[in-house]
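So the sequence lines, in the order shown, correspond to chains A and B.
The working numbering puts the last residue of the first sequence at 394; the count rises by one with no breaks.
The working numbering puts the last residue of the second sequence at 45; the count rises by one with no breaks.
Some hints here could point you the wrong way.
Reference listing, derived: stretches of chain B covered by chain A, where coverage requires no fewer than 3 residues with Cβ under 8 Å from a Cβ of chain A [what the hints assert, rightly or not]:
1) 18-30
2) 34-44
Computed list of lysine to any residue pairs in SDA-like fashion (alpha-carbon distance at most 25 Å, straight line) [to be verified]:
3) Lys361/A to Pro173/A
4) Lys17/B to Leu317/A
5) Lys291/A to Glu199/A
6) Lys17/B to Leu50/A
7) Lys329/A to Phe40/B
8) Lys390/A to Val149/A
Calculated directly from the structure, the hints in this document are not laboratory data.
Quick reminder that beta carbons are idealized off the backbone N, C-alpha and C, glycines included.
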Amino acid sequence: MADVITVPQVQPVQPALRFLRVIPGVLLLAAVGYAGKLLEQNVGAYAKAHHWTFPNIEYVLWAIVLGLAISNTVGIPELFRSGVATYEFWLKAGIVLLGSRFLLGDILKLGGVSLVLVAIEIAGSLAFMTLLGRLFQLKPKLTTLLAVGSAVCGVSAIIATKGAIEADDEDSSFSIAAILALGALALFTFPVIGHALHLSDRAYGLWAGLGVDNTAEATAAGALYSDAAGKLAVLVKSTRNAMIGFVVLAYAIYWASKGQARAVGNKAKFLWQKFPKFVLGFLLISVLATYHFFNKEQVGALANLSRWAFLLTFAGVGLRTNFGEMRKQGLRPFAVGAIGEVAIAGFTLALVYGASKIFGW
Amino acid sequence: MSAEVAGGKSQSRWKLSLDTWAVLVAFLLALLVRTGVFKHIPW
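Starting from the given sequences, assemble the full structure and let the hints guide the process.
Encoded structure:
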């Protein structure tokens with residue numbers, strides 16, 4: 034019992050109370066997301082009626098911008114915070130439901146290509162971020178967190194690694210802030226670069242899935258380009274997410290060998306604990322769709338449910354991004370993250386470009 | 003990810019991760035669509 038922390042008894046929060054607590058925030062997500070959808074429909078029509086030249090702005094961008102405006106001006110009152118935090122839940126439910134729009138053959142074909150690209154991306158990003166961390170003389174565990182965050186899957190990977198390598202809370206806050214800030218920037222830069230380079234939906238979707246770190250931002254960056262690019266970005270990002278356990282396990286073993294983290298006992302159990310279960314859900318729904326468990330109308334209904342779930346996610350991405358809070362975390366880790374992200378974005382773009390030449394996309 | 007805490011019986015044995023909840027809810031929705039409870043979902 035020596036290694037078990039004993040704390041005073043805390044009254045557990047009743048599930049019903051926890052459910053009630055999230056309602057205001059979920060309603061806020063729905064309101065912001067739906068306002069984004071209404072703006073997409075009405076602003077374009079209004080501009081056209083008045084003969085204005087106005088770009089067609091998708092609901093994805095409206096929802097994010099509205100969320101950012103609220104978060105960075107009036108802020109999010111305490112009442113709404115736990116509900117706004119559910120955006121991750123909607124993201125994962127949306128990804129599982131999106132599986133109905135993929136046939137298993139497509140997943141195997143695209144997943145095979147993306148798996149090779151993901152492996153190259155992860156190895157290259159980990160090596161580059163580690164080198165950068167050493168150059169900037171960051172703390173080794175902070176460097177590990179930034180490397181895992183940029184190479185694998187953003188915030189989830191940082192949280193999983195933090196526990197496994199026993200990193201400081203401060204280091205993980207730094208890394209999460211850097212990854213989130215850079216993810217927010219990617220939302221606005223990736224589609225612009227993609228259009229400037231005339232990337233196909235497939236090439237852009239691959240790039241967004243490989244180059245944007247956090248799953249919510251990768252999904253949004255893909256959807257901002259096109260529906261097809263959004264689907265592919267989710268598939269590639271999910272392939273990256275599936276790698277999380279292996280990378281975290283490798284780092285856990287490394288830090289344990291240095292006597293700075295607990296040794297990993299059962300490795301298979303460790304991998305299962307870290308494996309993102311929504312990836313399995315996504316695959317299972319895809320198997321069901323492939324074997325016609327759902328008819329055409331039902332697949333359409335599931336796709337729309339997935340869109341509604343993503344709508345809440347995109348609103349959440351804007352609402353939880355507060356640039357003032359991020360600034361407080363300091364400049365050096367952010368600079369390392371920024372240099373690393375730009376390099377990784379360039380590297381992954383070159384990978385996708387090379388693959389598109391080989392496969393004729 | 004989560005620290006082991008002893009201090010009573012407040013930790014539920016059936017505590018599921020966010021991922022697992024998301025998968026369960028998505029499958030429940032898929033089942034409701036499949037059984038015709040939700041016939042048409044507008045967008």
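Now for the hints, and whether the structure bears them out:
Coverage of the segment 18-30 of chain B by chain A holds in this model, with 10 residues showing a Cβ closer than 8 Å to a Cβ of that chain against a need of three. For the segment 34-44 of chain B, the proposed coverage by chain A is satisfied: 7 residues have a C-beta within less than 8 Å of a C-beta in that chain, meeting the threshold of three. Between Lys361/A and Pro173/A the alpha-carbon distance is near 21 Å, which keeps this suggested pair within the 25 Å criterion. This hinted pair checks out: Lys17/B and Leu317/A have alpha carbons roughly 23 Å apart, not beyond 25 Å.
The hinted pair formed by Lys291/A and Glu199/A meets the criterion: a straight-line CA distance of about 12 Å does not exceed 25 Å. The straight-line distance between the Cα atoms of Lys17/B and Leu50/A is roughly 16 Å, inside the 25 Å bound, and the hint therefore holds. With a CA separation close to 14 Å, the supplied pair Lys329/A and Phe40/B stays within the 25 Å bound. Straight-line distance between C-alpha atoms of Lys390/A and Val149/A comes to about 15 Å, which keeps the hinted pair within the 25 Å bound.
In summary, this structure violates none of the numbered hints.
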